[in-house]
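Going line by line, the protein sequences match chains E and F.
The numbers in the first sequence follow this note's numbering, run straight up by one, and end at 1222.
The numbers in the second sequence follow this note's numbering, run straight up by one, and end at 1222.
Any given hint could be a false lead.
[Stated by the list, open to error] Simulated pairs of lysine-lysine, DSS-like, Cα-Cα distance not exceeding 27 Å: (1) E/Lys1214 - F/Lys1204; (2) E/Lys1204 - E/Lys1132; (3) F/Lys1214 - E/Lys1204; (4) E/Lys1134 - E/Lys1204; (5) F/Lys1134 - F/Lys1204; (6) F/Lys1204 - F/Lys1214; (7) F/Lys1134 - E/Lys1204; (8) F/Lys1204 - F/Lys1132; (9) E/Lys1204 - E/Lys1214.
Derived by calculation from the structure, the hints in this document are not laboratory data.
2 protein chains.
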Amino acid sequence: MDVARATAILRRTPTTLRALLEGLTEERTGSGGDEEDWGPFDVVGHLIFGEETDWIPRARIILEHGDSRPFVPFDRFAQFEKFKGRSMDELLALLEEARRSNVETLRAMRLTPEQLELRGMHPELGPVTLGRLLATWVVHDLNHIGQIAEGMAKPYDAAVGPWKAYLPILDR
Amino acid sequence: MDVARATAILRRTPTTLRALLEGLTEERTGSGGDEEDWGPFDVVGHLIFGEETDWIPRARIILEHGDSRPFVPFDRFAQFEKFKGRSMDELLALLEEARRSNVETLRAMRLTPEQLELRGMHPELGPVTLGRLLATWVVHDLNHIGQIAEGMAKPYDAAVGPWKAYLPILDR
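If we strip away everything but chain E, and leave its shape as in the complex, we get (with noise of 0.2 Å):
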């Protein structure tokens, strides 16, 4: 786990969600409208709340009390409130600086090899270590692009017809 490789990538993910959604229709970047259907909005949303209550919270929860205090659990469906009536390009806006703030916290942080390897007590996941804590909001940024593109993606299902069969981003 290399810390500066990992914030390469963290600092990215709001210009690459910007270059993504920025300025397109409500119809394709919109909300899911429920919590079984995210849509690319409701993603930015639950982005911009692991900014403020997940990563990292959660590594300075680790550099203080260890395993010895948990986690406090994830909401994963507090962006549905949170942002209600707001517009992409707020959501965008808020995204960048929660994140360029956080980046700015990681950094300054200057973790050693020795720190990554404390330990943290996940809620459900049990014992966890602060390298791992750190991957996986680099994984989490991944995961969830994908989710925005499949959200993109979703409008054209009907419109491909025939060549749905070699695109499988419209069967997740």
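Go by the hints and put chain F onto chain E.
Okay, now just chain F, sitting in the frame of chain E:
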């Protein structure tokens, strides 16, 4: 099928891929090394080859010959030879230029709703229409953006530890 909306997505893809990939280490963005295992480098090469031989050339076949002339079969593996020895930054620049030029060509076609219903003949899938071809171009981009995110996540597969259970991108 709204051509202007499709174009809005198509012209963004090179910018999205630059935000995702530019300047990262070869370990995370390189070739998967063989035809069964595409890395981000192979995917970007495949997208460039599509600009050269798939979308606009097939649109032209439909406009000029309808379904009387089947499309030339697309070579899904051409990128492995064609871009050997090139860098990711070179490929991103090639894609940018090829896409810019093709989006310009598409706009200059000023396709009417009637033209979008024109039929073409796919060598494997059979009868298709110009509108379905253009919708597929868009979803194909999104499909491969998802695949690139998968390729970038893969090196972190072991590093995330038990969190893997929450990250479907690592299971595709």
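Agreement of lysine 1134 of chain F and lysine 1204 of chain F with the hint, judged by alpha carbon distance not exceeding 27 Å
Cα-Cα ~22 Å, so holds.
Hint consistency between lysine 1134 of chain F and lysine 1204 of chain E [alpha-carbon to alpha-carbon, up to 27 Å]
Between lysine 1134 of chain F and lysine 1204 of chain E the Cα gap is close to 34 Å, so the pair fails against 27 Å, i.e. violated.
Against the 27 Å threshold, does the CA-CA distance of lysine 1204 of chain E and lysine 1214 of chain E hold or violate the hint?
Holds, at about 11 Å.
Quickly compare the C-alpha distance for lysine 1204 of chain F and lysine 1214 of chain F to 27 Å and report which way the hint goes.
holds, 11 Å
Taken at face value, is the distance from the CA of lysine 1132 of chain F to the CA of lysine 1204 of chain F at most 27 Å?
Distance ~25 Å between lysine 1204 of chain F and lysine 1132 of chain F Cα, so the pair holds.
Below or equal to 27 Å on CA atoms is what counts here, so check lysine 1204 of chain E against lysine 1132 of chain E.
holds, 25 Å
Would the hint linking lysine 1214 of chain E and lysine 1204 of chain F be met if the CA-CA limit is 27 Å?
holds, 26 Å
Given the hint that lysine 1214 of chain F pairs with lysine 1204 of chain E, does the C-alpha gap stay at or below 27 Å?
Answer holds: lysine 1214 of chain F to lysine 1204 of chain E is near 26 Å, not above 27 Å.
Restraint check for lysine 1134 of chain E with lysine 1204 of chain E, where alpha carbons must lie at most 27 Å apart:
This hinted pair holds, its Cα atoms lying about 22 Å apart.
Comparing the model with each earlier hint shows a violation of hint 7 alone; every other hint is respected.
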